[in-house]
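Read top to bottom, the protein sequences are chains A and B.
The first sequence: position 298 = 298 (my numbering), numbered continuously.
Numbering-wise, my numbering comes out as the position in the second sequence, counting from 1, plus 1000.
These aren't lab readings, by the way, just hints derived from the structure by calculation.
Quick list of in silico lysine-lysine cross-link-like pairs, BS3-like style, CA-CA up to 27 angstroms:
| id | chain 1 | residue 1 | chain 2 | residue 2 |
| --- | --- | --- | --- | --- |
| 1 | A | K172 | B | K1172 |
| 2 | B | K1019 | B | K1030 |
| 3 | A | K178 | B | K1172 |
These numbers were taken from a predicted model, which means no experiment stands behind them.
There are 2 protein chains.
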Amino acid sequence: MNGGGPVPVTIGVDVGGTKVLGVALDHEGKVLGEARAPTPAGGHGPGMHAVLATIADVVDRLAATAELTAAGSAGGVDNAGGHGGFPLGAGVPGLVDSEGRLLFAPNLPRAEGVDFAGGLAGLGGVSRVVVDNDATCAMVGEWRYGSAAGVANAVMVTLGTGIGGGLVVNGKVVHGAKGFAGEVGHMVIFPDGRACSCGQRGCWECYASGTGLGRLAEEALDGGRLDGVLALAGGVRSAVRPEHVTQAAAEGDRGALEVLDELGWWIALGLSNLIAVLDPEVVVLGGGLMQAGDLVLAPTRRSLARLLEGGQRRPGVGLLPAALGELAGAVGAAVLARGTTRDMVVQGGAY
Amino acid sequence: MNGGGPVPVTIGVDVGGTKVLGVALDHEGKVLGEARAPTPAGGHGPGMHAVLATIADVVDRLAATAELTAAGSAGGVDNAGGHGGFPLGAGVPGLVDSEGRLLFAPNLPRAEGVDFAGGLAGLGGVSRVVVDNDATCAMVGEWRYGSAAGVANAVMVTLGTGIGGGLVVNGKVVHGAKGFAGEVGHMVIFPDGRACSCGQRGCWECYASGTGLGRLAEEALDGGRLDGVLALAGGVRSAVRPEHVTQAAAEGDRGALEVLDELGWWIALGLSNLIAVLDPEVVVLGGGLMQAGDLVLAPTRRSLARLLEGGQRRPGVGLLPAALGELAGAVGAAVLARGTTRDMVVQGGAY
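Pulled out of the complex, with its shape left as it was, chain A reads as follows (with noise of 0.2 angstroms):
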């Protein structure tokens, strides 16, 4: 039924460390509905893996919604669950192969090796699946319908407990030769550096994701620099989250400031190195740690200007915050799913 002109409504799906945050979409990018469940700390229940049975249910949730959304605003019910069913994009964090199955995930190691497709292809009400990394999900999202609409070149990077990201080059989407592209997370900026959880030593999202802010925060905590922040979490070191980095910032505390534009100069260094590859016109960041805003974003925005190579040479790029916030990746997830399969997105040149 739905083989030949737009989808009314998709789905999608982000899988992340800690929750699993899913939206129903309609065709021009409206979101009908919201769900989201915490991602299981478990591996494989009695029926399905339990990170499968989770998005089972966000699926079903926002099945019900959209459904009756569908029926009302395109009058009829040929985009329900009897009747073709509600194309499913999942993004999931990590290395995706193009059939679907998550190869490698440092930042959610229980899901590992775990066939996504397979697995959601068998949902009720499901007609189709495409599985695709993460942060390239946001990337799609924000480049349909965000900060990087209409872009040839276009650079997204997640900051979170890691880091992920997506490319769009000269006009389509980068899955590069096995599906593995955008893995920026994993530039090595400090040999023998911080431990990483890939395995390797200083990986950039050692430094400048969430993770990094907690190491930046401990060290400043061992400095005696952050005893505002201290405070904030009730003088319980142990306690200090970063949020209350952020808070504290936010109200004005100089040592929190500190540390966030040391945060902002790690952030910085990678994307000038995603610069100096890719010269994407935009660059937009998106990820837990963007919730801090311009606290995080103007620190970064000045190390940038000192860092690119031919800084003073070259035209600026333009970094920006992800326009659809925390739901970029399922919005990303759901465009994806208008297609057949993600292959289409990349060679049809429709994005």
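Let chain A serve as the given structure and place chain B on it in line with the hints.
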């Protein structure tokens, strides 16, 4: 005269820090002639910039050769100087904008700011001009006729005095938003590391280039680990060149082999970053350092296998020497000259 069908002969010139190397290339990729000249040390002369004058000389010599050959093989003078002339491609090191001006060139500072496209367009016998980054030209040469032939996702890295890069993504050459893509040598891989000629610190090209090899050799000489190399340089430390290291390594000198192992590790570090970001099928290595062949390639391959994210779980990436050797850049420039503008090449998908 050359507007429609294939152009029988084009000329490509690769402008390096030490020499200008040109080829005349026929429509099947056969090199009809080669010419070279030392890159001049000066800047502006009485008439034109000294680098442009040297290119003009190389082009003149090639045109004379190719005119005869083309007249002989194509049975006419359609392609000769008097009838439409030769399309000319030029590869120059650094940031080249889309109008063919060299904006920033840490390894050829005396040509910085030169309008290559404008300056070369006035040469006698030249029908049109395409100017691009030298490593992007090398990528095009290897993609059309060399180690990356037929591949949809490839990376070219030229290891010379500095490090250049060229990219093919989704079956198209990548120039980026402003023509600056592929500046892989200026990825920072060591914060606050060695001072780079670009003004930053810790760029990859400070460690993994010919210059980097020189530094590694100095450190090894300091440690008394390169006595065999020192002997090859007549016992005069200031006379030690990178070639002495590779020569000693070829003869089995343990200290020299250890230095090349270190160099291979630094090369692999940057390559693993590029593979993380782009996931190419093939990485092609060219430039002067690759004249040492397997002495550099073998240790690079060993380190790369250890450095790749998810190494055991992802299929390997082909790492190959440039099949066209030192001609890759000039051949690629000649290939690019077949199109009216480089944008045609990018958007037409012909290559």
